[in-house]
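Chain by chain, the residues:
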Amino acid sequence: MFKWKTDEFSWVDFTIDVLRVLIVLGVVVGAWNTLSSGRITLAQWVNLFAAGLSQGSIYALIALGYTLVYGILLMINFAHGEVFMAGAFSTVFLAEAFNRTGFLNDQPLLAIPLMIMFAGLVSMTVAILLERVAYRPLRGSPRLVPLITAIGASFFLQYTFRGLYGSGFKAYPQVKILQGAISLGGINIPIVQIFVFFSALALMLCLYWLVERTRIGKAMRAVSENKEVARLMGIDIDFVIMFTFGVGGFLAGSAGVINGVFRPQGVNFFMGFIPGIKAFTAAVLGGIGNIPGAMLGGLFLGVIEAIGPNLVLAGLGIPGANQLKDVIAFTMLVLVLIFRPQGILGERLSEKKA
Amino acid sequence: MISLLIRRLCAASLLLIILLPVSADAACDDPLGCVEVGPDDPIVVGAMLVVSGAINYLGEDTLGGVELALLARDYRLLDREIELALEDSLCTAEGGQVAAQRLAADPTVAGAIGTNCSSAAQGAIPIISESGLVMIAPSNTSPSLTNDDIAGGGSHQPGYFRTSQNGLIEGKRLAEFALHALGAQSLATVHDGDPYTSGLARAVADTFAELDGEVVFEGAVNKGDTDMSSILTEIAVHQPDAIYVPLFEPESNFFAAQMQYIVGLEDTIIIGGAASFSSSFPENTGDAAIGIYVSGPLVSGDAYDELLRQWQEEYGSDPPSGYHAHAYDATNLLLDALESVAVAHADGAITFGRQAIRDAVAATEDYPGLTGRLTCREDSPFAGDCSPGTALAVFEITEAEVYDDNWPPPIAWNFAADSFD
Chain A
1 MFKWKTDEFS WVDFTIDVLR VLIVLGVVVG AWNTLSSGRI TLAQWVNLFA AGLSQGSIYA
61 LIALGYTLVY GILLMINFAH GEVFMAGAFS TVFLAEAFNR TGFLNDQPLL AIPLMIMFAG
121 LVSMTVAILL ERVAYRPLRG SPRLVPLITA IGASFFLQYT FRGLYGSGFK AYPQVKILQG
181 AISLGGINIP IVQIFVFFSA LALMLCLYWL VERTRIGKAM RAVSENKEVA RLMGIDIDFV
241 IMFTFGVGGF LAGSAGVING VFRPQGVNFF MGFIPGIKAF TAAVLGGIGN IPGAMLGGLF
301 LGVIEAIGPN LVLAGLGIPG ANQLKDVIAF TMLVLVLIFR PQGILGERLS EKKA
Chain B
355 MISLLIRRLC AASLLLIILL PVSADAACDD PLGCVEVGPD DPIVVGAMLV VSGAINYLGE
415 DTLGGVELAL LARDYRLLDR EIELALEDSL CTAEGGQVAA QRLAADPTVA GAIGTNCSSA
475 AQGAIPIISE SGLVMIAPSN TSPSLTNDDI AGGGSHQPGY FRTSQNGLIE GKRLAEFALH
535 ALGAQSLATV HDGDPYTSGL ARAVADTFAE LDGEVVFEGA VNKGDTDMSS ILTEIAVHQP
595 DAIYVPLFEP ESNFFAAQMQ YIVGLEDTII IGGAASFSSS FPENTGDAAI GIYVSGPLVS
655 GDAYDELLRQ WQEEYGSDPP SGYHAHAYDA TNLLLDALES VAVAHADGAI TFGRQAIRDA
715 VAATEDYPGL TGRLTCREDS PFAGDCSPGT ALAVFEITEA EVYDDNWPPP IAWNFAADSF
775 D
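So the protein sequences, as listed, match chains A and B. Each residue of the first sequence is one higher than the one before, counting from 1 in this note's numbering. Each residue of the second sequence is one higher than the one before, counting from 355 in this note's numbering.
Rather than coming from a laboratory, the hints here were simulated on the basis of the structure. As the structure is a prediction and not an experimental result, all values here were calculated from the model. Each residue gets a CB set at the ideal place from its N, CA and C atoms; glycine is no exception. Certain hints may be false.
[What the hints assert, rightly or not] Label-pair restraints from in silico Cβ distances:
{"id": "1", "chain 1": "A", "residue 1": "V145", "chain 2": "B", "residue 2": "G645", "range": "32 to 40 Å"}
{"id": "2", "chain 1": "B", "residue 1": "P461", "chain 2": "A", "residue 2": "L22", "range": "27 to 35 Å"}
{"id": "3", "chain 1": "B", "residue 1": "R663", "chain 2": "A", "residue 2": "A97", "range": "28 to 36 Å"}
[Stated by the list, open to error] Sample of chain B residues lacking proximity to chain A, with all beta carbon distances greater than 12 Å (derived):
{"id": "4", "residue": "A459"}
{"id": "5", "residue": "E484"}
{"id": "6", "residue": "I504"}
{"id": "7", "residue": "V591"}
{"id": "8", "residue": "A642"}
{"id": "9", "residue": "A698"}
{"id": "10", "residue": "A717"}
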């Protein structure tokens, strides 16, 4: 009888259960303390939520690149943050030129889409070159090999763009039409945040349509399901993989411009590193390989990052809560990996994919 | 035959090892050793400045000051050519450490100008001090750098001097400005953990509290943070009249730009530090920069006007920041010290005693620099401070700086001329 019980009992499971209870308790106590104190007003919570949603939209757009590539090649493209940087950094010069000529503020509805297209094309080109030069020769190698190559490619891209554009910081010019806020029931929501959310949403819907409703999308899904069978059906596997990298790159470049409109400062060769890692976290959070999961993961991460420090950490009396924003993001990653490795919307991967 | 040759080589090496220090001692009796300049060699002056990165404008600004000081002497000292050995100290302790190591490894370097950032100085000071060199910083302001109390957080070591003002003086004046000139009764401070920003934030908060103002929030952001909404919301909870934010770009840009969206901070005044005293700050912050106060160096006088004229002639533009005059003064202090301690030898060589150079800089008294009358102090927490601290003002950013590339902004308070009485 006793032997049966010890066989069933696992210290690992027990520790994880205790950890789970402690985390839930910490979140509840912290949130209760903050909310009951009434220190932060409803308008301020809405401000934080809206800022988080906008930041999350940008994470989601980048995360889609990670998830698309993972879905089709089962590899983590750690250079994807630099693909985002390539578009954002290159387009800042176009934005400056548009601003100098007055085009940006005279015709913002034309200028911004043009900037997004340009950034998307730059990032798409970088992503396709990356696939062709760095990853395709390694296809079929052990999974660690392309992973290490991706890290190397990430550094290569950073320093290439440093060489091209210099190491100083640049900033996107202000778009006047997006300044100010909309008042809803006494709560002000910045127009730029509304723009960021809906632009990102539109791009995500375009991607969903591409994957679910077009011939190339069907091919992408087929390659993701089984490359050999897809090849036998006449699908050009190499082209589909290259196309997938291109689409992920385009979304990352677009995210670069949207990010530039949202938070114009701090454009430099290193700007892709942290958003890249956060977007990877978002992709894992939502369920890597799952497109709606990446979108949801990005939005969820953005909101948690924005609200978490003030809601939970400050409520627990942790000093400098705002400095622990990144800790929240990466703790989320660890927690997801422990408690739900398949992510929020992901399914358990088969032995072959895991 | 071979063993005889080896024995002779060993004997000759031994003789050299014994005789070399004797001959060196004969030529130099300085306790820290000497810098020897051969008959046909140039005098090498080191510079540890920010060449790359977000605030390379500060390096460019101070390098211009150094170069113009050298140009004023036609790049010659004691009938020798002066060679400038420039190292990128970045704006980090590691950068300062690497730059100092490179200069310390070069036995021909007679002294150095730099660093720009206090964090870089913290990395450089131990190496410069250990190697017997002297460094004169043109834009460090952290109070810890001139504080001898190592156990109490000080990092001053022999060989470190600066011509920029001590943050304790700047902090005191800014607190007085916030309280008396702006009428702020409550204050929040934000730094990023850097010795420069944390030292200034501490100095401002301490003085503000001493003057019976209320410090309602003291916080920090991480370097590299782009989202300031969390800390801004926390500050809004405390409703300060003013926020002192001596952050570097781009964090200062993000902070100022995002503050406009935070409920509860609509009427709060921002006071920035000299790290934001650059034309790139209003350019990169946009509309949100209008009405922000920034402290920065203010140098005036005929000699300074002449320097600006030379700058235009040499570089075809305005200086990008405000520490070029401090760099000019720092270079002159070093060159004058070298000139005063040089020992000429019969063979045409020159030697500079390292301790003698330090003593000569330390002995600077009432030196007529562009930034005021410079006197180098030895008393902690001002050990190595040579600035009189008068060349300082608060500027208010207006639309002209944001839209018309005007720089510097109009003066809101001149500490040398205005009085709080």
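Hint-by-hint comparison with the structure:
{"no.": "1", "hint": "V145/A to G645/B: 32 to 40 Å", "verdict": "violated (55 Å)"}
{"no.": "2", "hint": "P461/B to L22/A: 27 to 35 Å", "verdict": "violated (60 Å)"}
{"no.": "3", "hint": "R663/B to A97/A: 28 to 36 Å", "verdict": "holds (33 Å)"}
{"no.": "4", "hint": "A459", "verdict": "holds (25 Å)"}
{"no.": "5", "hint": "E484", "verdict": "holds (30 Å)"}
{"no.": "6", "hint": "I504", "verdict": "holds (26 Å)"}
{"no.": "7", "hint": "V591", "verdict": "violated (5 Å)"}
{"no.": "8", "hint": "A642", "verdict": "violated (9 Å)"}
{"no.": "9", "hint": "A698", "verdict": "holds (43 Å)"}
{"no.": "10", "hint": "A717", "verdict": "holds (40 Å)"}
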